[in-house]
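Undergrad: Spelled out, the chains give:
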Amino acid sequence: MTSDQKTTVLILDDEPIVCKRLKPALEKAGYEVESFTRSREAMHRLTERQFDVAITDLKMDGLDGMAFLTEVKKRYPETEVIVITGFATMETAKESYQKGVFDFVAKPFKLGEILEVVKKAEAKRRSA
Amino acid sequence: MRILFAGDEHPYSAYALKKIIELAWHTWADVTLLSVCPTQPSSRDPLPEALHRYREEFMEALGGPDSPYAQERWEYEWMALRNGSWEEVQVRRGIKKELRVRLRVGSADTEILNEAVRDGSDLIVLGCSGRGGSCTWDSAASTAPQKVVGNAACSVLLIKEDRPIKRILACMDQTTVSQESLEMINQLLTIHGAQLELVGLTKDGGARPEAYTQLIRIGDYFGDKGIPVSTRLAEQSKFETVLSTHTGDDLLALWMGKKSLLTLLFPRDWVEKFVSACPSSVLVLR
Numbered sequence: 001m002t003s004d005q006k007t008t009v010l011i012l013d014d015e016p017i018v019c020k021r022l023k024p025a026l027e028k029a030g031y032e033v034e035s036f037t038r039s040r041e042a043m044h045r046l047t048e049r050q051f052d053v054a055i056t057d058l059k060m061d062g063l064d065g066m067a068f069l070t071e072v073k074k075r076y077p078e079t080e081v082i083v084i085t086g087f088a089t090m091e092t093a094k095e096s097y098q099k100g101v102f103d104f105v106a107k108p109f110k111l112g113e114i115l116e117v118v119k120k121a122e123a124k125r126r127s128a
Numbered sequence: 001m002r003i004l005f006a007g008d009e010h011p012y013s014a015y016a017l018k019k020i021i022e023l024a025w026h027t028w029a030d031v032t033l034l035s036v037c038p039t040q041p042s043s044r045d046p047l048p049e050a051l052h053r054y055r056e057e058f059m060e061a062l063g064g065p066d067s068p069y070a071q072e073r074w075e076y077e078w079m080a081l082r083n084g085s086w087e088e089v090q091v092r093r094g095i096k097k098e099l100r101v102r103l104r105v106g107s108a109d110t111e112i113l114n115e116a117v118r119d120g121s122d123l124i125v126l127g128c129s130g131r132g133g134s135c136t137w138d139s140a141a142s143t144a145p146q147k148v149v150g151n152a153a154c155s156v157l158l159i160k161e162d163r164p165i166k167r168i169l170a171c172m173d174q175t176t177v178s179q180e181s182l183e184m185i186n187q188l189l190t191i192h193g194a195q196l197e198l199v200g201l202t203k204d205g206g207a208r209p210e211a212y213t214q215l216i217r218i219g220d221y222f223g224d225k226g227i228p229v230s231t232r233l234a235e236q237s238k239f240e241t242v243l244s245t246h247t248g249d250d251l252l253a254l255w256m257g258k259k260s261l262l263t264l265l266f267p268r269d270w271v272e273k274f275v276s277a278c279p280s281s282v283l284v285l286r
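Protein chains in written order, with our numbering: chain A, 1 to 128; chain B, 1 to 286.
In case anyone wonders, no lab produced these hints; they're calculated from the structure.
We put the beta carbon where it would ideally sit given N, CA and C, even for glycine.
Some clues are possibly wrong.
To be verified - Selected chain A positions facing chain B (Cβ under 7 Å, derived; list incomplete):
1) 41
2) 44
3) 46
4) 86
5) 87
6) 100
7) 106
What the hints assert, rightly or not - Keeping only pairs whose Cα atoms sit at most 30 Å apart, straight-line, the calculated DSSO-like set for lysine-lysine is:
8) A:94 to A:73
9) A:110 to B:238
10) A:59 to A:23
11) A:59 to A:119
12) B:19 to A:59
13) B:19 to A:94
14) B:19 to A:74
15) B:97 to A:94
16) B:203 to B:18
17) A:6 to A:28
18) B:18 to A:20
19) A:99 to A:120
20) B:97 to B:203
21) A:28 to A:120
22) B:166 to B:147
23) B:19 to B:96
24) B:166 to A:94
25) B:203 to A:110
26) A:119 to B:147
27) B:225 to B:19
28) B:147 to A:120
29) A:23 to A:74
30) B:96 to A:59
31) B:147 to A:59
32) A:99 to A:110
33) B:96 to A:124
34) A:124 to A:20
35) A:110 to B:225
36) A:99 to B:147
37) A:20 to B:166
38) B:97 to A:23
39) A:110 to B:166
40) A:20 to A:74
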């Protein structure tokens, strides 16, 4: 990853409103963003390219966020994964921590909060 | 999620702190513990001591090695001082999440509301005394909880007792329901394993189409997420009767947006009076 390249971000959330909020905010902040509401499509995209940062919801139909986190880290260990969830529990927080999540953000959150987390993930990727 | 705890040195604040610890345990929220002194604190002032105790309690519960709040390493950071100068101080931050402890001087409600805006808080949590009566703080800032509930831009959770939350009784009119408020209810239902009952408030008999549509829409939102929800309609004039049917193990949730019919129908200070009269803890959603 070179300094003149845009940091790439994948968003996966089955609630379209979340993608609708997050994508333009991250693009405005200078990131290259792709968003998905179906985990299968997001997984397929991951077979085509790597992202610097992935943001995923936890509770989804089909492949859930925990499985997505596992898959991303298996395929691209250096991709930083941020888990967002509307149903936070200590168990899911711990599990995602053990699976190498960069951060765990419970809903509701303000755009500023997620932008801050993405910025930190980007800094970690660039310093690697 | 960012949570602001505002408290003083009295037992109801300790109850609210327990709730904060529980919320943080599950959500990994960034947490700020705040107290407000009416005048510059002296070394014998109980508030700094109480804040210190709250931090210790929080870290005792959540500072373990697997915790996102565990403090990893010391770092130097520049801190702004009051007179416009800066000082480089050594600080120790959480591995992933922050616990901030702040003491402010001034009017309690104003400082709490300002802190919530500055911090981008999603939820303010505070305790208060007076089950079913007063909802106050035992200090000069006695009505601060009511004023915070009435004027905050974000949701406010007012803890009256150290009791489990077994049911969330969410009362709604046809006002716009924010995505954030639905997410807040989701989290509280998940954390407490609580039941959800939606009460659609209607006016002048029968179901107003807007209220009915809103009730169905919100019921579907939770239903789609696999959350069992029961719904009913209630006449606004009998709202107080609705309140009397719930118990201390309920959390009463009210949507209080700018255009809320409840706030239009009742005098400006109605919300403040309502939370005082309510026998259980209250969640005001925005």
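Undergrad: Each hint needs a verdict: does it hold in this structure or not?
TA: Taking the hints in turn, this is what the structure says about them:
1. 41: Since the shortest Cβ distance to chain B is 20 Å, the answer is violated.
2. 44: This hint is violated: residue 44 of chain A lies away from chain B, its Cβ roughly 25 Å from the closest one there, beyond 7 Å.
3. 46: Violated, because the Cβ-Cβ distance from residue 46 of chain A to chain B comes to roughly 24 Å (cut-off 7 Å).
4. 86: holds (5 Å)
5. 87: holds (4 Å)
6. 100: violated (12 Å)
7. 106: holds (4 Å)
8. A:94 to A:73: holds (16 Å)
9. A:110 to B:238: violated (36 Å)
10. A:59 to A:23: With Cα atoms ~19 Å apart, residue 59 of chain A and residue 23 of chain A stay inside 30 Å; holds.
11. A:59 to A:119: holds (24 Å)
12. B:19 to A:59: holds (24 Å)
13. B:19 to A:94: Holds, at about 20 Å.
14. B:19 to A:74: violated (37 Å)
15. B:97 to A:94: holds (14 Å)
16. B:203 to B:18: violated (38 Å)
17. A:6 to A:28: holds (12 Å)
18. B:18 to A:20: Status violated; Cα separation ~35 Å.
19. A:99 to A:120: holds (19 Å)
20. B:97 to B:203: Distance of about 45 Å is beyond 30 Å: violated.
21. A:28 to A:120: holds (17 Å)
22. B:166 to B:147: holds (27 Å)
23. B:19 to B:96: holds (21 Å)
24. B:166 to A:94: holds (25 Å)
25. B:203 to A:110: violated (34 Å)
26. A:119 to B:147: violated (36 Å)
27. B:225 to B:19: holds (25 Å)
28. B:147 to A:120: The given pair, whose Cα atoms are some 36 Å apart, is violated under the 30 Å limit.
29. A:23 to A:74: holds (25 Å)
30. B:96 to A:59: Cα-Cα ~22 Å, so holds.
31. B:147 to A:59: Roughly 37 Å between the alpha carbons, so the hint for residue 147 of chain B and residue 59 of chain A is violated.
32. A:99 to A:110: holds (25 Å)
33. B:96 to A:124: holds (13 Å)
34. A:124 to A:20: Judged against 30 Å, a Cα distance of about 26 Å means the pair holds.
35. A:110 to B:225: holds (22 Å)
36. A:99 to B:147: violated (43 Å)
37. A:20 to B:166: With a Cα-Cα distance of about 34 Å, the restraint between residue 20 of chain A and residue 166 of chain B is violated, given a limit of 30 Å.
38. B:97 to A:23: Given that 30 Å is the threshold and the Cα spacing comes to 24 Å, the pair holds.
39. A:110 to B:166: Judged against 30 Å, a Cα distance of about 28 Å means the pair holds.
40. A:20 to A:74: The given pair, whose Cα atoms are some 28 Å apart, holds under the 30 Å limit.
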